[in-house]
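**Q** In case you want the letters, here they are:
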Amino acid sequence: MTQEERHEITLVVNGVARQARVPARRLLSDALRHDLGLTGTHVGCEHGVCGCCTVLLDGEPVRSCLTFAVTVDGRELTTVEGLAGPGGMSPVQRAFAECHGLQCGFCTPGFLCTVTAFLRDNPSPTDDDVIEGISGNLCRCTGYQNIVKAVHRAAELMAEESE
Amino acid sequence: MTTRLFGEKVQRLEDPRLLTGQGRYLDDLGHDAVAVAFVRSPHAHARIRDIDVSAALDAEGLISIYTWEDLPGRLAQPLPLLIPHPALTHGRTAYPLAKETVRHVGEPVVMVVAEDRYLAEDVCDLIRVDYELLKPVVGIEEAAQGAQLVHDDVPGNLGAHFVQEVPAADGRGAREAIEQAAHTLAFRLDIERSASMPLEGRGVYARWDGTDLRVYSSTQTSTSVRMAIAAKLDLPLPNVEVIAPDVGGGFGVKIVHPWPEEILVPWAAMTLGREVKWTEDRREHFVSSAHERGQVHFVRVGFDDDGRVEGLEVTILHDHGAYTPYGIIVPIITSTQLLGPYKLGSYRVEFSSIYTNTVQVTPYRGAGRPQGVFCMERTMDKIAQYLGADRTAVRERNFIQPADFPYDQGMVFQDGRPLIYDSGDYPEMLRMLKELIGWDSFERRPGVGIGIGCYVEGTGVGPYEGGHVQITSDGRVHVSTGLTSQGQGHETVFAQIAATELGVPIERVSVVTGDTRRFGYAVGTFASRAAVMSGNAIALACRKVREKALRIAADALEASADDLEITEGVVHVKGAPGAAVPLATVAVLANPLRYAFDEEAKRATQFAGTASPDLPPVAEGEEPGLEGRDYYSPVRSTFASGMHAAIVAVDPDTAEVEILRYAVVHDCGRLINPMIVEGQIHGGVAQGVGGALYERMVYDAHGQLLNASFMDFLMPYATEVPRVETAHLETPSPLNPLGIKGAGEAGVIPVSAVIAGAIEDAEGIAIDRMPISPSELFHLRG
Chain R
1 MTQEERHEIT LVVNGVARQA RVPARRLLSD ALRHDLGLTG THVGCEHGVC GCCTVLLDGE
61 PVRSCLTFAV TVDGRELTTV EGLAGPGGMS PVQRAFAECH GLQCGFCTPG FLCTVTAFLR
121 DNPSPTDDDV IEGISGNLCR CTGYQNIVKA VHRAAELMAE ESE
Chain U
1 MTTRLFGEKV QRLEDPRLLT GQGRYLDDLG HDAVAVAFVR SPHAHARIRD IDVSAALDAE
61 GLISIYTWED LPGRLAQPLP LLIPHPALTH GRTAYPLAKE TVRHVGEPVV MVVAEDRYLA
121 EDVCDLIRVD YELLKPVVGI EEAAQGAQLV HDDVPGNLGA HFVQEVPAAD GRGAREAIEQ
181 AAHTLAFRLD IERSASMPLE GRGVYARWDG TDLRVYSSTQ TSTSVRMAIA AKLDLPLPNV
241 EVIAPDVGGG FGVKIVHPWP EEILVPWAAM TLGREVKWTE DRREHFVSSA HERGQVHFVR
301 VGFDDDGRVE GLEVTILHDH GAYTPYGIIV PIITSTQLLG PYKLGSYRVE FSSIYTNTVQ
361 VTPYRGAGRP QGVFCMERTM DKIAQYLGAD RTAVRERNFI QPADFPYDQG MVFQDGRPLI
421 YDSGDYPEML RMLKELIGWD SFERRPGVGI GIGCYVEGTG VGPYEGGHVQ ITSDGRVHVS
481 TGLTSQGQGH ETVFAQIAAT ELGVPIERVS VVTGDTRRFG YAVGTFASRA AVMSGNAIAL
541 ACRKVREKAL RIAADALEAS ADDLEITEGV VHVKGAPGAA VPLATVAVLA NPLRYAFDEE
601 AKRATQFAGT ASPDLPPVAE GEEPGLEGRD YYSPVRSTFA SGMHAAIVAV DPDTAEVEIL
661 RYAVVHDCGR LINPMIVEGQ IHGGVAQGVG GALYERMVYD AHGQLLNASF MDFLMPYATE
721 VPRVETAHLE TPSPLNPLGI KGAGEAGVIP VSAVIAGAIE DAEGIAIDRM PISPSELFHL
781 RG
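Heads up: the protein sequence lines correspond to chains R and U, in order. Residue numbering for the first sequence follows the numbering used here, starting at 1 and increasing by one per position. Residue numbering for the second sequence follows the numbering used here, starting at 1 and increasing by one per position.
One thing to keep in mind: the hints can contain errors.
Some, not all, of what chain R presents toward chain U, calculated at C-beta under 8 Å [claimed, not checked]:
1. Thr2
2. Ala24
3. Arg25
4. Cys45
5. His47
6. Val49
7. Thr79
8. Gln93
9. Leu102
10. Thr108
11. Ala117
12. Ser135
13. Arg140
14. Gln145
Worth flagging that the hints you see were computed from the coordinates, not collected in a lab. All C-beta atoms, glycine included, are put in the ideal place defined by N, C-alpha and C.
Using the sequences and the accompanying hints, generate a full structural model.
**A** Here it is in structure tokens:
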């Protein structure tokens with residue numbers, strides 16, 4: 001019986017350097033969830049379509065289920081666990097609660113990461129911008145209407161709070 | 001002032017944990033558990049000649065391999081047939097692991113346990129199963145011919161055949177009424193297969209400590225999974241606990257139980273003495289859970305010059321796949337709920353439930369209603385078109401009127417009870433919908449059409465649910481109910497009910513669902529029943545607790561219980577807020593103590609002077625503690641209703657359909673939380689749009705599911721779902737204390753009918769088969 005080769009990697013997750021020893025084929029989603037215990041990132045399809053596993057890699061949204069953990073050695077990651085600040089939930093998180101932008105909550109971490117990056121780049125989006133911005137994430141519960149509303153509300157909150 | 005939370009848009013209590021990554025879904029549990037993967041049949045129909053595991057025995061991380069031959073006792077028997085019915089003469093269920101024959105692609109054949117999922121899948125790849133291929137039976141009409149059999153002992157592949165007939169008032173049968181009607185139409189309507197497709201698949205995690213078994217499952221019914229596990233593994237029921245943790249969507253598929261994995265994983269945990277977990281992957285979900293919707297309908301209708309239906313006859317072929325664990329509930333619901341808000345002169349419905357070598361069929365949100373409503377509403381549209389009448393006018397002429405309630409449709413519903421509608425106001429609902437969509441002012445223009453669909457939905461089916469309410473000495477209120485949650489916001493709405501009934505701030509209320517350690521008696525979450533069933537049970541339990549609290553407080557305050565009320569968690573004399581005692585203190589007094597575990601508890605001890613020395617500390621008929629339990633068990637279902645309308649534009653070149661507007665009027669009785677009800681409607685409509693325009697399960701002639709991934713099974717993104725405009729009508733149910741009706745499935749039910757009607761209106765082509773793709777529509781244009 002041959003033992004699968006393992007690699008030492010360091011991931012800077014939510015500002016904290018974390019080490020893991022993983023096989024080359026270990027998906028980033030599995031490394032986050034099962035090696036680092038950050039189970040907030042979810043896995044819905046493992047083929048890059050649903051967007052549940054979206055995390056921010058050096059600030060940009062990526063599918064962690066289509067990324068090998070070893071390929072992001074040394075890089076910075078933000079997961080849903082890192083979105084809230086010292087003062088509590090982020091504007092995006094608060095807006096989702098206020099607008100009922102989630103039901104079962106399984107797709108939500110992916111939406112929150114996607115929307116966080118989207119609003120950073122488009123602080124005052126139109127309806128079409130928002131729909132385009134979230135069009136890579138599937139939700140089976142909400143019908144998206146309240147998610148769209150939440151994105152607009154988050155933009156409002158961010159504008160108010162940056163004043 | 002009393003605390004009024006019932007009916008308010010209260011923000012969800014679930015959200016803070018779900019928004020911060022603190023939710024606990026199945027695969028988030030059991031960090032140290034070993035992993036299960038399955039070898040599943042790649043063939044739709046085959047005999048297993050041999051299973052060779054020799055190449056796998058050396059694999060890294062292998063712990064164990066199991067086939068059917070390894071299964072002991074009742075585990076080796078077929079899975080239960082959950083809902084027997086006299087018409088289901090040839091019900092068949094699968095073995096947990098295939099015994100001799102596989103009957104659909106995806107059927108589990110070998111279970112592998114290894115140190116992690118990657119290694120378990122490696123082992124699966126090394127196991128060789130030798131199959132003798134049998135001819136697959138695919139396609140409902142081919143299956144109904146019966147030339148090839150799915151089960152050798154089921155002739156004609158016929159699982160069930162069932163007829164229900166409601167004759168005319170003068171005794172004539174529907175066929176006779178149709179023959180004698182002024183006008184008749186006959187046509188065929190098809191709906192293709194789709195599936196619930198929650199974003200979290202199924203999953204099971206089990207721990208065994210030598211005596212007690214604890215199982216976590218992503219299920220819609222933890223109490224029934226528990227009973228099934230105890231029975232299959234021959235364990236005493238009190239030694240088995242089942243918990244549904246946070247569940248990432250269900251939509252029907254997770255009501256089926258026990259899944260093979262729900263008994264195999266606990267058994268492996270017991271056999272190996274290790275924590276064991278299986279998490280379904282997406283392909284597994286496509287080929288080994290359940291589908292729904294696929295039905296063919298042959299309709300004949302007779303009507304008078306005004307479009308009043310004198311007789312309707314519907315013959316249904318229902319494709320139930322390879323097995324029937326959930327019985328014939330789906331076609332029963334189609335046959336009964338097809339009637340919608342209408343009173344027909346006479347009705348005859350007949351269905352044949354047919355085996356095919358495909359994934360089994362069990363309820364998906366709507367559960368047979370989308371098909372029934374498609375039949376009825378297409379029929380109404382065809383009558384209107386034939387007569388040159390307005391589509392809404394024809395519907396209106398057939399409506400049950402407000403004065404007709406309770407209205408008996410003369411049939412037997414899915415709960416085995418008479419199909420009697422309790423309340424509703426269909427003419428008013430239609431008026432509201434026409435106003436909302438602008439039906440009368442809609443301007444006809446090329447490529448744009450308008451459609452409408454009406455439905456009635458039996459909700460809150462029995463037999464019962466229960467609620468337990470406990471107020472502890474810190475003043476907190478702990479509510480539990482046995483049914484489960486998959487995103488419906490039960491923690492919030494049940495807390496609203498409890499806070500309102502008890503007069504406490506909602507922040508002090510916490511709700512637990514789906515945990516058999518907290519509440520052992522329940523049925524489950526399906527059929528838009530949770531709010532009606534558990535909501536009323538919790539309200540009744542709260543009323544018991546409130547009465548007890550007032551009784552104890554009356555003693556303490558030396559007042560009459562009739563003069564007391566509870567506000568913000570404090571019992572006080574009406575109009576005299578100074579004469580008051582907090583519920584926390586009442587909870588202390590409710591439990592006579594020997595030992596003072598804290599300062600507050602001293603009041604209840606033997607020398608505190610609060611109890612009469614001449615009476616037993618716990619009075620006869622009383623129990624210690626400020627808590628209560630009650631059950632709600634309705635005599636029959638309560639009937640919600642709704643009407644949808646849509647305006648669509650069809651591209652003249654590509655035949656792509658765009659939904660320009662979508663309007664919903666909905667009546668689920670009294671609303672507990674309008675925000676949550678709206679959310680349920682939005683989500684239902686989105687699934688309906690998927691079913692109308694995008695989603696279908698494509699099987700080839702070999703029984704291979706060709707689109708078993710999210711790349712190819714097209715669920716709508718935000719770009720495909722219209723903004724839904726909603727209005728609510730509230731006709732309370734007279735059947736339950738809270739006057740509520742279910743809302744969970746409503747949004748999805750009429751969407752295919754509505755979109756078909758709108759496309760037909762835009763294109764002038766009969767739309768009799770859904771879903772419809774641009775290329776199909778393009779070809780229909782000829």
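**Q** Hints first: check each against the structure and report whether it holds.
**A** Status of the hints after comparison with the structure:
1. Thr2: Check passed: Cβ of R/Thr2 comes within 7 Å of chain U, closer than 8 Å.
2. Ala24: Hint on R/Ala24: violated, closest Cβ of chain U at ~11 Å, above 8 Å.
3. Arg25: holds, 7 Å
4. Cys45: holds, 4 Å
5. His47: holds, 6 Å
6. Val49: holds, 4 Å
7. Thr79: holds, 7 Å
8. Gln93: Result: holds, 4 Å to nearest chain U Cβ.
9. Leu102: OK, holds: R/Leu102 within 8 Å of chain U, min 6 Å.
10. Thr108: holds, 6 Å
11. Ala117: At 16 Å from the nearest chain U Cβ, R/Ala117 fails the 8 Å test, so the hint is violated.
12. Ser135: holds, 5 Å
13. Arg140: holds, 5 Å
14. Gln145: holds, 5 Å
Checked against the numbered hints above, the structure violates hints 2 and 11; every other hint is satisfied.
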